[in-house]
Amino acid sequence: DAGVIQSPRHEVTEMGQEVTLRCKPISGHDYLFWYRQTMMRGLELLIYFNNNVPIDDSGMPEDRFSAKMPNASFSTLKIQPSEPRDSAVYFCASSFTGEEKLFFGSGTQLSVL
Amino acid sequence: SQELEQSPQSLIVQEGKNLTINCTSSKTLYGLYWYKQKYGEGLIFLMMLQKGGEEKSHEKITAKLDEKKQQSSLHITASQPSHAGIYLCGADKRNAGNMLTFGGGTRLMVKP
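Residue numbers (our numbering), protein chains in the order written: chain U, 3 to 115; chain P, 122 to 233.
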């Protein structure tokens with residue numbers, strides 16, 4: 003298995019633009035998580051899905067952030083409009099019921115100028 | 122919310138030396154996870170501890186969970202450059218399995 007696949011690896015955009023981050027979880031996994039990592043705040047859980055349904059989005063910072071999971075093999079995290087303080091590394095992770103660990107993607111480095 | 126404090130925040134050691142990283146929780150832990158992150162990459166699972174007093178080892182890395190289940194330590198014996206990276210502890214947020222909150226991380230550098 004190729005693991006959790008995130009795209010793009012790097013994204014540079016200007017303030018006010020819409021940004022869409024993509025994630026393909028490992029086949030067969032029923033949990034999907036979006037995390038954000040910054041130097042100041044560390045690794046923060048934004049939202050997670052179970053069987054494509056959002057379960058907890060309490061970590062989503064603002065209404066500018068939205069996440070979807072239209073099917074078991076794809077999820078997006080969208081920021082509209084983006085701001086410089088959104089600059090961070092965004093990780094997607096997946097897992098399955100009964101598994102004790104998360105499988106992380108390589109992350110998307112987002113820079114908002 | 123579950124607060125996890127890691128110490129030290131960063132560490133530089135000479136190759137061959139032993140080192141310990143600590144993770145302290147403000148609440149009793151349902152499960153404590155250790156992950157390693159290489160610079161510019163995602164997190165890789167190391168170990169998970171659940172029972173008070175539990176200890177697990179993998180190669181030269183040993184993790185322990187105290188009896189009160191509020192503190193964990195990660196010990197590396199005879200460190201090597203390949204051990205360099207960021208070590209993060211994570212806690213099972215609601216005894217819900219794998220929904221984790223993480224500590225701030227410890228950045229480890231190993232000098233050859």
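Any given hint might turn out to be false.
[As the list claims (entries may be wrong)] Residues from chain P that keep clear of chain U, each with C-beta distances beyond 12 Å, as calculated: (1) Q127; (2) I133; (3) T149; (4) T222; (5) G226.
[Claimed, not checked] Straight-line C-alpha distance at most 25 Å; calculated SDA-like pairs for lysine to any residue: (6) P/K159 to U/E101; (7) U/K26 to U/G100; (8) U/K103 to P/K232.
None of these hints come from the bench; they were simulated from the model.
Positions of the beta carbon are idealized from the N, C-alpha and C atoms, including for glycine.
Right, here's what the structure says about each hint:
1. Distance to chain U contradicts P/Q127 as a non-interface residue, since its nearest Cβ pair spans about 9 Å, not more than 12 Å.
2. Listed as outside the interface, P/I133 is consistent with that label: its C-beta sits roughly 18 Å from the nearest C-beta of chain U, beyond the 12 Å cut-off.
3. Against chain U, the non-interface label of P/T149 holds: every CB pair exceeds 12 Å, the least being about 18 Å.
4. At the 12 Å boundary, the C-beta of P/T222 falls inside the reach of chain U, the nearest C-beta of that chain being 6 Å off.
5. Not every CB of chain U lies more than 12 Å from the CB of P/G226, the least distance being 6 Å, so the non-interface label is violated.
6. Between the alpha carbons of P/K159 and U/E101 the distance comes to roughly 23 Å, so the proposed pair stays at or under 25 Å and holds.
7. A distance of roughly 20 Å separates the Cα atoms of U/K26 and U/G100; the hinted pair therefore holds under the 25 Å criterion.
8. With a CA separation close to 30 Å, the supplied pair U/K103 and P/K232 exceeds the 25 Å bound.
Checked against the numbered hints given earlier, this structure breaks hints 1, 4, 5 and 8; the rest are met.
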